[in-house]
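Asks: Residue numbers (the numbering used here), protein chains in the order written: chain X, 1 to 460; chain F, 1 to 460.
These aren't lab readings, by the way, just hints derived from the structure by calculation. Treat the numbers as computed from the prediction; the structure is a model and nothing was measured. We put the beta carbon where it would ideally sit given N, CA and C, even for glycine. Among these hints, one or two may not hold up.
[To be verified] The list that follows gives simulated cross-link-like pairs (lysine to any residue, SDA-like), each with its CA atoms no further than 20 Å apart:
1. Lys-39(F) <-> Leu-199(X)
2. Lys-420(F) <-> Arg-60(F)
3. Lys-161(X) <-> Lys-198(F)
4. Lys-161(F) <-> Leu-199(X)
5. Lys-198(F) <-> Arg-163(X)
6. Lys-26(X) <-> Glu-116(F)
7. Lys-93(X) <-> Pro-98(F)
8. Lys-300(F) <-> Ser-132(F)
9. Lys-248(F) <-> Leu-199(X)
10. Lys-161(X) <-> His-197(F)
11. Lys-194(F) <-> Phe-339(X)
12. Lys-330(X) <-> Met-309(X)
13. Lys-248(F) <-> Arg-163(X)
14. Lys-198(F) <-> Gln-245(X)
15. Lys-460(F) <-> Ala-384(F)
16. Lys-242(X) <-> Ile-278(X)
17. Lys-121(X) <-> Glu-36(F)
18. Lys-39(F) <-> Met-134(X)
19. Lys-248(X) <-> Lys-420(F)
20. Lys-93(F) <-> Phe-18(F)
21. Lys-242(X) <-> Pro-207(X)
22. Lys-121(F) <-> Leu-41(X)
23. Lys-198(F) <-> Gln-334(X)
24. Lys-330(F) <-> Asn-160(X)
25. Lys-198(F) <-> Glu-170(X)
26. Lys-300(F) <-> Glu-367(F)
27. Lys-248(F) <-> Ser-203(X)
28. Lys-39(X) <-> Lys-161(F)
29. Lys-26(F) <-> Pro-98(F)
30. Lys-194(F) <-> Asn-160(X)
31. Lys-460(X) <-> Asp-442(X)
32. Lys-330(X) <-> Cys-280(X)
33. Lys-121(X) <-> Gln-40(F)
34. Lys-93(F) <-> Arg-163(X)
35. Lys-246(X) <-> Phe-204(F)
[To be verified] Each pair of labels, with its calculated beta carbon distance range:
36. Tyr-336(F) <-> Lys-93(X): 38 to 44 Å
37. Asn-357(F) <-> Gly-135(X): 40 to 46 Å
38. Lys-246(X) <-> Lys-281(F): 36 to 42 Å
39. Thr-27(X) <-> Met-177(F): 41 to 47 Å
40. Asp-407(X) <-> Lys-161(F): 28 to 34 Å
Protein chains: 2
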Amino acid sequence: MNSCRYVSKAAPKTQVEFDYDGPSMKTSVPGTRSQELTKQLGDIQNVGAINFFCNYDESRGNYLVDVDGNRMLDIYTQISSIPIGYNHPALLKLMSNPNNLSTLVNRPALGILPPENFPNKLTESLLSVAPSGMGRVQTMACGSCSNENAYKAMFIWYRNKERDVPGCPELSILSFMGAFHGRTMGCLATTHSKAIHKLDVPSFDWPIAPFPKLQYPLEEFSRENAQEEARCLEEVEDLIVKWRQKGKPVAGIVIEPIQAEGGDNHASPDFFRSLRNIACKHGCAFHVDEVQTGGGNTGKFWAHEHWGMDDPADIVSFSKKLLTGGYYHKDELQPYRIFNTWMGDPSKNLLLAEVLNVIRKENLLEEVTRSGKALINGLYELQAQYPGILSRARGQGTFCAIDICDDATRSSILLKARDKGVLLGGCGDRSIRFRPALVFKDYHVHIFLNIFNEVLAQHK
Amino acid sequence: MNSCRYVSKAAPKTQVEFDYDGPSMKTSVPGTRSQELTKQLGDIQNVGAINFFCNYDESRGNYLVDVDGNRMLDIYTQISSIPIGYNHPALLKLMSNPNNLSTLVNRPALGILPPENFPNKLTESLLSVAPSGMGRVQTMACGSCSNENAYKAMFIWYRNKERDVPGCPELSILSFMGAFHGRTMGCLATTHSKAIHKLDVPSFDWPIAPFPKLQYPLEEFSRENAQEEARCLEEVEDLIVKWRQKGKPVAGIVIEPIQAEGGDNHASPDFFRSLRNIACKHGCAFHVDEVQTGGGNTGKFWAHEHWGMDDPADIVSFSKKLLTGGYYHKDELQPYRIFNTWMGDPSKNLLLAEVLNVIRKENLLEEVTRSGKALINGLYELQAQYPGILSRARGQGTFCAIDICDDATRSSILLKARDKGVLLGGCGDRSIRFRPALVFKDYHVHIFLNIFNEVLAQHK
Numbered sequence: 001m002n003s004c005r006y007v008s009k010a011a012p013k014t015q016v017e018f019d020y021d022g023p024s025m026k027t028s029v030p031g032t033r034s035q036e037l038t039k040q041l042g043d044i045q046n047v048g049a050i051n052f053f054c055n056y057d058e059s060r061g062n063y064l065v066d067v068d069g070n071r072m073l074d075i076y077t078q079i080s081s082i083p084i085g086y087n088h089p090a091l092l093k094l095m096s097n098p099n100n101l102s103t104l105v106n107r108p109a110l111g112i113l114p115p116e117n118f119p120n121k122l123t124e125s126l127l128s129v130a131p132s133g134m135g136r137v138q139t140m141a142c143g144s145c146s147n148e149n150a151y152k153a154m155f156i157w158y159r160n161k162e163r164d165v166p167g168c169p170e171l172s173i174l175s176f177m178g179a180f181h182g183r184t185m186g187c188l189a190t191t192h193s194k195a196i197h198k199l200d201v202p203s204f205d206w207p208i209a210p211f212p213k214l215q216y217p218l219e220e221f222s223r224e225n226a227q228e229e230a231r232c233l234e235e236v237e238d239l240i241v242k243w244r245q246k247g248k249p250v251a252g253i254v255i256e257p258i259q260a261e262g263g264d265n266h267a268s269p270d271f272f273r274s275l276r277n278i279a280c281k282h283g284c285a286f287h288v289d290e291v292q293t294g295g296g297n298t299g300k301f302w303a304h305e306h307w308g309m310d311d312p313a314d315i316v317s318f319s320k321k322l323l324t325g326g327y328y329h330k331d332e333l334q335p336y337r338i339f340n341t342w343m344g345d346p347s348k349n350l351l352l353a354e355v356l357n358v359i360r361k362e363n364l365l366e367e368v369t370r371s372g373k374a375l376i377n378g379l380y381e382l383q384a385q386y387p388g389i390l391s392r393a394r395g396q397g398t399f400c401a402i403d404i405c406d407d408a409t410r411s412s413i414l415l416k417a418r419d420k421g422v423l424l425g426g427c428g429d430r431s432i433r434f435r436p437a438l439v440f441k442d443y444h445v446h447i448f449l450n451i452f453n454e455v456l457a458q459h460k
Numbered sequence: 001m002n003s004c005r006y007v008s009k010a011a012p013k014t015q016v017e018f019d020y021d022g023p024s025m026k027t028s029v030p031g032t033r034s035q036e037l038t039k040q041l042g043d044i045q046n047v048g049a050i051n052f053f054c055n056y057d058e059s060r061g062n063y064l065v066d067v068d069g070n071r072m073l074d075i076y077t078q079i080s081s082i083p084i085g086y087n088h089p090a091l092l093k094l095m096s097n098p099n100n101l102s103t104l105v106n107r108p109a110l111g112i113l114p115p116e117n118f119p120n121k122l123t124e125s126l127l128s129v130a131p132s133g134m135g136r137v138q139t140m141a142c143g144s145c146s147n148e149n150a151y152k153a154m155f156i157w158y159r160n161k162e163r164d165v166p167g168c169p170e171l172s173i174l175s176f177m178g179a180f181h182g183r184t185m186g187c188l189a190t191t192h193s194k195a196i197h198k199l200d201v202p203s204f205d206w207p208i209a210p211f212p213k214l215q216y217p218l219e220e221f222s223r224e225n226a227q228e229e230a231r232c233l234e235e236v237e238d239l240i241v242k243w244r245q246k247g248k249p250v251a252g253i254v255i256e257p258i259q260a261e262g263g264d265n266h267a268s269p270d271f272f273r274s275l276r277n278i279a280c281k282h283g284c285a286f287h288v289d290e291v292q293t294g295g296g297n298t299g300k301f302w303a304h305e306h307w308g309m310d311d312p313a314d315i316v317s318f319s320k321k322l323l324t325g326g327y328y329h330k331d332e333l334q335p336y337r338i339f340n341t342w343m344g345d346p347s348k349n350l351l352l353a354e355v356l357n358v359i360r361k362e363n364l365l366e367e368v369t370r371s372g373k374a375l376i377n378g379l380y381e382l383q384a385q386y387p388g389i390l391s392r393a394r395g396q397g398t399f400c401a402i403d404i405c406d407d408a409t410r411s412s413i414l415l416k417a418r419d420k421g422v423l424l425g426g427c428g429d430r431s432i433r434f435r436p437a438l439v440f441k442d443y444h445v446h447i448f449l450n451i452f453n454e455v456l457a458q459h460k
């Protein structure tokens, strides 16, 4: 029986304390209670995207428990935004500490009246993981606001540089086909992962470059992939020149280290290094959007660390697993005139500081590298076994994806896996993305592979 | 001596438990510790707007305590975003309840995997104060995101209505001179309170109508003010027609019930009723931005309640005192395709539900009406006494403002008041705005008036 080939190793006792030992399904999902609640919520707001309702009290570690008592291995983690699993004891302890109460009930306007511990908390949390060459950081409430304000910082920086140039041209941001940078109006002008996101909403005339379409496994197609990347880089330079001539010079280039919503599209470190050089050459700021890739899933805290550069970017934005939005920036990109009421939320900085402690104490980046290897190797084996269904297994750390033959099969596989206790998400036209928490270990990989194998066997 | 005319009544014992009995100043502000911390934070981010650093643990009720031990009566409340004062015992109790821990440490992706209590918490909190005619609500992380997504909802609604019309015109949002709706790029296209906000950032070609410039006191200038409002309404209709002809039809009109950042500019209920009718007549959605006016400061929970309409708006957005961002909307404005990772934060809904309980239990809207009367009457007296410095005292509830002869005098008065223990904020070119918490009582008004009088006497 194929379905037993990935033997589920027992979890060490210490891990189990805040985790479960496997999925446990009582109903198909959504169960009756979730359906009732969806109906109830439907009277209040649009529920078109609701999957099911959750019992967060009972959820633990890698397992999300729903309101019908189903316990699922969560490899999607709230769209990749739960860093160290559900109800981690360190976070429960932190939030039970009476010393932190006033941070929870008095949200300050951080830009004008920060709390006494704010510089220390920033140093302890965000600065302790600052990207190379970046000692400055601005917090924001969410990913979209982070990118919106990063774009503004680039516009202001660019205009200051050119202040002597007569006239007042409109500026633009260069983005890539397949990119996702958020859905507020500035961000949306650079988001191209799905046409439906943009329908009906006014936008800006900004240049959009092709993102390399690589062939996998990367090692086998290095020549073809290098050519494809060169083609895209050439197009980037052409667009920069063209938009300058149009009177809408490119103030900044924004790119994800791995296009996540757009289908887990990768490019090589060489590509990013060359792109960084093109940005410098043309006087454009280089903005790396790490909202989905940041926080450790790729095996490094920032995905751009895989490029091996001392000066990887001018701006790096984040949110999701960092629990607060925000962006790092070079000294020259002072966010002068970047302001709003809250400018982030210190209670999220508290949580982040503790998450980073846990990542260090539990060596979670090493764990991610280890379980990522088990995951990608398992996916390679499965795609060899089910070539009619699976292709293009790819990833870095546990930030992995695999393509399914078509969208209908993908939907069916996602639902069947869920009913067997594994929660996954899609991305792009026909990919499944893997976004476990950083506490996703080898033995979780094997639980997943066993169940995924069962699902695929039924489809064969 | 003028400085003693407003006798400070003693606070009732029960109130004092979570409040102090008056300001207490040890240094000028910012003191040395604040200056040190500002320097420290300056190595991490732009500190151009920092006033001073706060000790939120020691702050209570209407009093904000800084890191140098100064205790100030806070009539600015973190840019109007602290609803029931600092460290309200009901909120401390709520956040100490172990049953709420999992809400604090497991932030869900609300659009896909809400917690079991989400429909109930929404019903208990936001729906219990829903504007007339609006049973649907969408939460968001902050005020800018709320407005950005409200605009998108209006665009999508408008386009759906017109789906049969051939061609695909660009759409626009009509806003008003002096308006403030946020600083992300969509919002910024409708923000006109200060030119510096918009400098260097690309924008949209959307129509901007004049907001009435009324003369105060309103009762004495009713004929002039009615003429001014009629002029503005006429211009609104002209702009709607003009932009339709330009091929950029107005999908929605956005307006604040009181232009807050722009200088506390008021308009009459008649003006808003007529504007609402114009929106209906031309098929534009009507969006009332209550980010600053909402939450009770005007003596009603929503400022638009003063218009006395059953159907005041199609969309009402909020943030600040509501502790979560979001917007209410009519059924027709289904926020289909409105989505992001977090879609708000259930821990803020928890806090809001308790804030609303306190508002009801402590009859805070009645208190606001009472202390608002004391405040505006005190301002009228002071402006009669200092006609060379003060003019145009105006307000609703405690949402009041007064004009200062010039910007330099305003700055000087704000700093002197702060050094005497009263924290105020400016708005517009030369106004001071009053934005106390809802627990600001008669006796706080008198403490303020005494100190303000002292400051003015020195300027006379």
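Asks: Evaluate each hint against the coordinates.
Replies: Do the hints match the structure? See the list:
no.	hint	verdict
1	Lys-39(F) <-> Leu-199(X)	46 Å, violated
2	Lys-420(F) <-> Arg-60(F)	18 Å, holds
3	Lys-161(X) <-> Lys-198(F)	17 Å, holds
4	Lys-161(F) <-> Leu-199(X)	14 Å, holds
5	Lys-198(F) <-> Arg-163(X)	16 Å, holds
6	Lys-26(X) <-> Glu-116(F)	17 Å, holds
7	Lys-93(X) <-> Pro-98(F)	11 Å, holds
8	Lys-300(F) <-> Ser-132(F)	13 Å, holds
9	Lys-248(F) <-> Leu-199(X)	15 Å, holds
10	Lys-161(X) <-> His-197(F)	18 Å, holds
11	Lys-194(F) <-> Phe-339(X)	13 Å, holds
12	Lys-330(X) <-> Met-309(X)	15 Å, holds
13	Lys-248(F) <-> Arg-163(X)	32 Å, violated
14	Lys-198(F) <-> Gln-245(X)	24 Å, violated
15	Lys-460(F) <-> Ala-384(F)	13 Å, holds
16	Lys-242(X) <-> Ile-278(X)	14 Å, holds
17	Lys-121(X) <-> Glu-36(F)	16 Å, holds
18	Lys-39(F) <-> Met-134(X)	18 Å, holds
19	Lys-248(X) <-> Lys-420(F)	51 Å, violated
20	Lys-93(F) <-> Phe-18(F)	13 Å, holds
21	Lys-242(X) <-> Pro-207(X)	9 Å, holds
22	Lys-121(F) <-> Leu-41(X)	11 Å, holds
23	Lys-198(F) <-> Gln-334(X)	17 Å, holds
24	Lys-330(F) <-> Asn-160(X)	44 Å, violated
25	Lys-198(F) <-> Glu-170(X)	12 Å, holds
26	Lys-300(F) <-> Glu-367(F)	11 Å, holds
27	Lys-248(F) <-> Ser-203(X)	12 Å, holds
28	Lys-39(X) <-> Lys-161(F)	26 Å, violated
29	Lys-26(F) <-> Pro-98(F)	38 Å, violated
30	Lys-194(F) <-> Asn-160(X)	19 Å, holds
31	Lys-460(X) <-> Asp-442(X)	26 Å, violated
32	Lys-330(X) <-> Cys-280(X)	13 Å, holds
33	Lys-121(X) <-> Gln-40(F)	12 Å, holds
34	Lys-93(F) <-> Arg-163(X)	54 Å, violated
35	Lys-246(X) <-> Phe-204(F)	17 Å, holds
36	Tyr-336(F) <-> Lys-93(X): 38 to 44 Å	41 Å, holds
37	Asn-357(F) <-> Gly-135(X): 40 to 46 Å	44 Å, holds
38	Lys-246(X) <-> Lys-281(F): 36 to 42 Å	39 Å, holds
39	Thr-27(X) <-> Met-177(F): 41 to 47 Å	57 Å, violated
40	Asp-407(X) <-> Lys-161(F): 28 to 34 Å	30 Å, holds
Checked against the numbered hints above, the structure violates hints 1, 13, 14, 19, 24, 28, 29, 31, 34 and 39; every other hint is satisfied.
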